[in-house]
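Asker: Sequence:
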Amino acid sequence: METRVPKGRYSVRLIGIHEQVAVLVSAPKSRKSLLTEGASLTVKLLCGNRLISFSTRLLKAQDEPFPHWILAYPRQLETQPFRQHTRVPVHLPLWVDRGEGDLHQPQSALCVDISLSGASVEAPSALASVGELLYLTAKVSVAGMDHVILAAARVCSVLQTESGTLAVFRHGLAFEDLEEETRLVLSGYVYQQWLYESGELL
Numbered sequence: 315m316e317t318r319v320p321k322g323r324y325s326v327r328l329i330g331i332h333e334q335v336a337v338l339v340s341a342p343k344s345r346k347s348l349l350t351e352g353a354s355l356t357v358k359l360l361c362g363n364r365l366i367s368f369s370t371r372l373l374k375a376q377d378e379p380f381p382h383w384i385l386a387y388p389r390q391l392e393t394q395p396f397r398q399h400t401r402v403p404v405h406l407p408l409w410v411d412r413g414e415g416d417l418h419q420p421q422s423a424l425c426v427d428i429s430l431s432g433a434s435v436e437a438p439s440a441l442a443s444v445g446e447l448l449y450l451t452a453k454v455s456v457a458g459m460d461h462v463i464l465a466a467a468r469v470c471s472v473l474q475t476e477s478g479t480l481a482v483f484r485h486g487l488a489f490e491d492l493e494e495e496t497r498l499v500l501s502g503y504v505y506q507q508w509l510y511e512s513g514e515l516l
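Numbering (my numbering), first residue to last: 315 to 516.
Just so you know, the hints here were simulated from the structure itself, not pulled from any lab data.
Careful: at least some of the hints might be erroneous.
Stated by the list, open to error - List time: in silico BS3-like cross-link candidates among lysine-lysine, alpha-carbon distance up to 25 Å:
{"id": "1", "residue 1": "K343", "residue 2": "K321"}
{"id": "2", "residue 1": "K321", "residue 2": "K358"}
{"id": "3", "residue 1": "K374", "residue 2": "K358"}
{"id": "4", "residue 1": "K453", "residue 2": "K343"}
{"id": "5", "residue 1": "K358", "residue 2": "K343"}
{"id": "6", "residue 1": "K453", "residue 2": "K358"}
{"id": "7", "residue 1": "K374", "residue 2": "K321"}
{"id": "8", "residue 1": "K343", "residue 2": "K374"}
Unchecked claim - The following label-pair restraints were derived from C-beta to C-beta distances:
{"id": "9", "residue 1": "Y387", "residue 2": "T350", "range": "37 to 43 Å"}
{"id": "10", "residue 1": "R468", "residue 2": "R318", "range": "18 to 24 Å"}
{"id": "11", "residue 1": "G458", "residue 2": "E511", "range": "17 to 23 Å"}
{"id": "12", "residue 1": "E316", "residue 2": "P379", "range": "39 to 45 Å"}
{"id": "13", "residue 1": "Q419", "residue 2": "V462", "range": "14 to 20 Å"}
{"id": "14", "residue 1": "G445", "residue 2": "Q334", "range": "47 to 53 Å"}
{"id": "15", "residue 1": "V444", "residue 2": "L391", "range": "38 to 44 Å"}
{"id": "16", "residue 1": "A440", "residue 2": "C361", "range": "36 to 42 Å"}
{"id": "17", "residue 1": "D491", "residue 2": "E316", "range": "31 to 37 Å"}
Glycine residues also receive a C-beta, built at the ideal position from the N, C-alpha and C atoms.
Taking the hints into account, I'd like the entire structure generated from these sequences.
Answerer: As structure tokens, then:
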């Protein structure tokens, strides 16, 4: 969400919509005391594979029963496609295992880029062969709230590279059969990182 006066960008969480009346979002953790009712705002959000933006006004800032803002219902929406394969760079530690039948301990790895359809994961040794299924566990923060992503991913490629004097194996992974809640959290995380990368979110 972007404020015009004072100028600033930060993330909030969409709580609900009262059609033709108002939009309810969580209150931002910063700058909230600098805004007054009636302030102009621009909201951007990811819905499925579309980026949606609209102009609105702050109708009411409430602290009870939890901090939240009531925004004016938008008169007009602007949409543009957000491609499933749009990848954004990240530095996301995660754990990798092969499922219930795996007798080995989960291995730590690093996700270096991610999209709505897959990810690139680096590890000091090969985690699996092409075609095999891996299970990823990662903790992410979206709009100031912590979530755990649990995702199955198919290995599409394994490439050995070098990082300084150390060998690194980069794995190209494609997500499979994501649960709806996981897909929603992943969408929010990828969009948030995309905003950081593009300079839209500070």
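Asker: Decide, hint by hint, whether the structure agrees.
Answerer: Here is how each hint holds up against the structure:
1. A threshold of 25 Å between alpha carbons decides the hint, and for K343 with K321 the separation of about 15 Å falls inside it, so the pair holds.
2. Taking the CA atoms of K321 and K358, the gap is near 15 Å; set against the 25 Å cutoff, the hint holds.
3. With a C-alpha separation of about 19 Å, the suggested pair K374 and K358 falls inside the 25 Å cut-off, and the hint holds.
4. Straight-line distance between C-alpha atoms of K453 and K343 comes to about 20 Å, which keeps the hinted pair within the 25 Å bound.
5. Between K358 and K343, the direct Cα distance comes to roughly 17 Å. Compliance with the 25 Å bound is thereby established for this hinted pair.
6. Pair hint K453 plus K358 holds up; C-alpha atoms about 24 Å apart against a cutoff of 25 Å.
7. Simply put, K374 and K321 have alpha-carbon atoms about 19 Å apart, close enough for the 25 Å limit, and the pair holds.
8. Distance restraint check for K343 and K374: the Cα-Cα separation of roughly 16 Å lies within the 25 Å cut-off, and the hinted pair is therefore satisfied.
9. Checked against the hint of 37 to 43 Å, the pair Y387 and T350 fails, with Cβ atoms roughly 20 Å apart.
10. R468 and R318 have their C-beta atoms about 45 Å apart, which leaves the hinted 18 to 24 Å range violated.
11. Taking the beta carbon of each, G458 and E511 are about 19 Å apart, inside 17 to 23 Å as hinted.
12. The hinted range of 39 to 45 Å is not satisfied by E316 and P379, whose Cβ atoms lie roughly 27 Å apart.
13. Remark: the range hint 14 to 20 Å for Q419 to V462 is upheld by a beta-carbon distance near 18 Å.
14. For the hinted restraint 47 to 53 Å between G445 and Q334, the CB-CB distance of approximately 50 Å keeps it satisfied.
15. Separated by about 42 Å at the C-beta atoms, V444 and L391 satisfy the suggested range of 38 to 44 Å.
16. Take A440 and C361: their Cβ atoms lie about 37 Å apart, and the range 36 to 42 Å holds.
17. Checking the proposed 31 to 37 Å range against D491 and E316 shows it holds: the Cβ atoms sit about 35 Å from each other.
Checked against the numbered hints given earlier, the structure breaks hints 9, 10, 12 and satisfies all the rest.
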